[in-house]
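Produce the complete structure using the sequences and hints provided.
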Amino acid sequence: MMDSGSDAGERFRRVGEIFERARILPLSEREASVAASCGADLTLLAEARALLAFHEIGGDTLDRGILRPASGAMIGRYRIEGLLGEGGMGTVYRATQTEPVRREVALKLIKLGMDTRHVIRRFEAERQTLARLEHPNIARVLDGGTTPDGRPYFAMDLVQGVPINEYCDAQRLDWRDRVALIVQVSAAVQHAHQRGIVHRDLKPSNILVACADGVAVPKVIDFGVAKALDASENSATWNTVAGHAVGTPDYMSPEQADGGDVDTRTDVYALGVVLYQLLVGTTPLRVRGTSRGRSDAAAPRSPLTSELRRRLREDEPIRPSSAIAAAVTTRSKSDIATWRRAVRGDLDSIVLKALAREPSRRYSTVAAFSDDLGRMLRDEPVTARPPSTAYLVSKFAQRHTVALIAASVVVASLMIGFGVSVYGLGTARFERDAARRAEKAQARLATALSAELFASNIERGRQSVRQGSWPEANDLLWSALIADPTSPQARWAVREMVWAQGCVATLHVETDVESVRFLPGGERLFVCSVGGRPILFDIATGVSTELAGPSIGAWEVAVNRDGTIGCTSDSRGDVLAWDFSQQSLPRWVVHCGDGRACVSCSRDENVAFAGGAQGVLWRIDLDGSVPPRPISFGAPIARIVVAPDGTVAAGGTDGSVILAAPDGSQQRKLQPQQRGIQSIAFSHDGLLMATGTKGPTIAITNLSTGEIAQTLTSKLGTSRDLWFGLDDSRLLVLGWWRLAEVDLLTEAVRPLVFIPAWRIDVLPDGSAIALAGGGTRSASVWRVGTDAAALRDSLPPHLVARPIAGSADSAGLAFIASDDTGVLGLDEHGQTLWTLPSAKPRTINSNDDGSLFATLTTDRRACVYRTSDRSLVAEGRNARLGEAPTLAFQGSDLFAYVTRDDAVRVIDLKTGEECEALPPSPTEVLAVAFSPDGSLLSACARQFAGTMIDLASGQQTLEISLSTGFATAFSQGGDYRLIGTWRGDLLVRNVLTGESRTLRGHSARVVGIIPHPRDPNLMLSESSDGSVRLWHLGLGREVLALSPFAPPSALRTAGFLGDGDRIAMTGTEGELAIYSISVVDRIIERMLAEERERLQGNVPTESDEP
Amino acid sequence: MPGASDPTESADALATEREAYATLRDLAAALLRRERRDHTLQPTALVHEAYLRLGDRLGPAWRLEHGESAFRALAATAMRRVLVDHARAHAADKRGDGWLRVELAEATVEVPEPLELLALHEALESLAALDARKARVVELRFFGGLNGEEIAETMGLARSTTEADWFIARAWLRQRLAEPSR
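From first to last, the protein sequence lines stand for chains D and L.
Counted from 1, the first sequence has number 980 at position 980 by our numbering; the numbering is strictly sequential.
Count along the second sequence starting at 1, add 1106, and that's the number in our numbering.
Treat the hints with caution; some may be incorrect.
[What the hints assert, rightly or not] Computed beta-carbon distance windows for the label pairs:
1. T1267/L <-> E924/D: 29 to 35 angstroms
2. A35/D <-> T1267/L: 23 to 29 angstroms
3. S360/D <-> L1224/L: 49 to 55 angstroms
Source of the hints: derived by calculation from the structure; they are not laboratory data.
Built from N, CA and C at the ideal position, the CB exists for glycine as well.
Written as structure tokens, this is what we have:
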């Protein structure tokens, strides 16, 4: 007996330990912790899980204890008058405030078990904001405090009302009135969100409806209470039942159940549940429960078990129209069929969008949710609905029924008038006027409809981009841009699409790019254009080097086996050899006859092959020891390709192909095709050869028999270039405006990239494709598929702090970097120019033009150096060892750093004067920034968004948010101040008007905000969600989202290059991605020009080779 | 430490004793004016019973030596015993509809219905067999209304320990109470 008792005690002790380890973790991590602690002991696992589940129920006997204040008792300055109700968190009393004014309040006394100090501290942090909530539909929380026995309490506006669901049922409200009530409630919630307050615990018992003079007034209560009670965010030791985890899980969003981040979209979810309940009669969770044969009563009060959590996370709610319970309609004036019809469609979509499991799929704001409800009530198209054109038009027709009927009536009357001309002049005039009015009305309607279609097409196009549905994205976005070439939304969406298709790097030149070829290793690209000199393009850095030599243009390029020599062939028939080391000028090699020549290099020998109008195939030894020698004679040569086994193929303008061994032996001539050869490719096993001729036909020749085995019609126009996929089952075809993949078995065509181009080159491992962009005057490198590892590995590692363009350093400094040897200056190829070994910084940052940089060293010095001579310009002491954003420059004039006690100090770099711009902050200052003119300083800090200081007057403008501010910046021109928060929001304040708004898009904290160097409307934000987003402040929306790196790599930094025409991003694996805005714009201009030509009837379906 | 023979002590002792009585009354006096018609536990009876159970340990010397929290801790035990005994006596015929609320001058004591109180009492006994300390934490909090800091002080433990104890014990008790057959 004793034994078993102590065994049980021992077991309880063990379960207790496991419980305690898991309890202090966020909900999402508990299961893993328990599983790890229990190992294979399944009984122990079950016990610990059960114990944790019971930890989450609240509001029971145990929590309440037996002691309560009684009527007449004083709590602070409130006298308890009576009991109003009891909830999971505590008890609500009616009370009278005695001073300074006498008024009735509701006093919520929180049960024992909450950590009073934390609750009150959190409440105090938000108190001022809460007091500023002024909305007819919000009952304010007025005060908070502690009872003598240590229980927190909150005093709030007294609302004499009933929960919204009870009100609706009691009044037998129609669905329309119920939705209208939610719209009112949403306005109140949005009001609070705009002031940075998230409710976190919206449910019918917190939305009371009072009846004032026969008008229903919903009031949201308890704003700020759930937040104050939620200990999980800051306190690991007293991680008690969070306010929202108390009681029923019905209104809890999946992220709350998982202990994840809570933001305004959490309230969107809860409002969605409340609306669901008002429409259906019960909550989605219970509908889900019953649909699986669970008892309806199982959901409430049951602990937040892992099963419930899983259901919240995984189950899709049943759409409201299918879930409507007969009960709800008996409590309204409609019958169930009418009710169901009304809910089906738009309301279904709106509710389901609000209830999306991932916050990112929900409405981003409560305002958007309520706007959609408003649109639904007005019969306008809702955004939640996948907007097909038919849907938009039907909505449009519903809304404008009267106008459309009027228009057709007038048309009809005109027809009558035509037939009956005996009516007098007055009638005719009337009819003319009416016709004019009708025309105008129709024009207005058409304009409105097309604006709606336009906006929704862009949104659908961007969604398609994200889903990788290129053909659809392409159609939608190009047609939107063609419809309105001036629309910045359309233009940015097209840029995003072009990049999202996998563009790694782009180079733009002055004339049409004709040919590209990777150097061995794939790090650099050899590029030629119709005019100018050939270019070596460094894919990693985006830097191009024009080779020294005659500026005469070229038509084709080749690179030798070693990557040391490039060959060009031009339209005069000359072949030149260029030394990549630039030790000497290019060497003239051979003349192939007047007209275009072509050239290709062997992969095995240091040898090139060239040919042209004279019909001679030349073998050129590139080491120059042997003069070029002719190895075959035939028709004028249009294309030369070397097979993997070294066989040389020369395609003639007469459609013939001559095959020869590298030394010219074993020649054979294949049966000529009907039209001249444009492109040739060999399969990797050497058995097949594909040839493209003018027109859409591609022939596949079996090289062992010499016969054509397959003829494809690619539907892509003339194939300018071909390449076999690695397994030889697919053929990459560069056709008219697009690069596509053709499956050789099924002949199915899959478009890869929509871009006009003349030539492609593919890395031997197939990981990247280079395109010669022809008339877009660009060369670009594209990732293939998602596996960019090979390309990434081939790029040199960088230790980039931030790419710096236009450096004052005459040596052409491109980057300042740091590693554990000190600070390094790197040139554009990543080569070290200088080192500053004395400074071993924790963090570095630089000013805009790179002429100054600052380091933060472990001895707590913030040092400013001149980049050109690395001389020490200024030094701040006692600095806090924060991240790069705690060092800020204003041009070359001012420098700011953060001290250990979180004051911000500013040094005038001209005079050396130093002053304290911001006194010590109570929380850690994480970033500072100057306005462009240096008059304002913005700082953001932990636990509140930030502050802006007028450096002349010292006046501060506080920015309050629920979330820690992580990054801050001013726009170019200084009109806007931005703060990026921990949650991923961007808070934008118009410095002049004081207006502020929140931009949402990132799903994790914003780590940097970079103003566009030219455009005062553009800001770039980088986030730990791995994406870089560009925002148009004038439009107030995101215009571009780039996620350049695939795991395991993550985004490190981002910035603009040059005058803002390129966006550069570095990854943690050492990659650099450069997206060129100007190149994409050239693509866009070219496309638009073609489109305009096409519209003028001059349809260029096929274009000859240039 | 004042000696037992200090002449001023008797007056102090008297005052302390009165205070002790008042404290007990604060905790239990709720029951004095219960509005249930069938109530049988008289207010004075409750306080006196609890007081008697505290016995001579409630002497002034003890109070001075052990402090207010310790006294309230003892009072909590006493309250528990009074309530449990009372519930036992009436469990057979009292199947009330839940909590009973009693208004007092300064506080309200919520007395669970007899069966619920007994179930809790028994569960606490089982818990004490497994881990006496955790059971004590529950007793102090539930019956004595002590907060986290006071419990830690009374028991001479770190606050984090008593808090952890409370969470484990609370979850265990909830589980236990949710399975009445066990």
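Here is what the structure says about each hint:
no.	hint	verdict
1	T1267/L <-> E924/D: 29 to 35 angstroms	holds, 30 angstroms
2	A35/D <-> T1267/L: 23 to 29 angstroms	holds, 26 angstroms
3	S360/D <-> L1224/L: 49 to 55 angstroms	holds, 52 angstroms
The structure meets every hint from the earlier list without exception.
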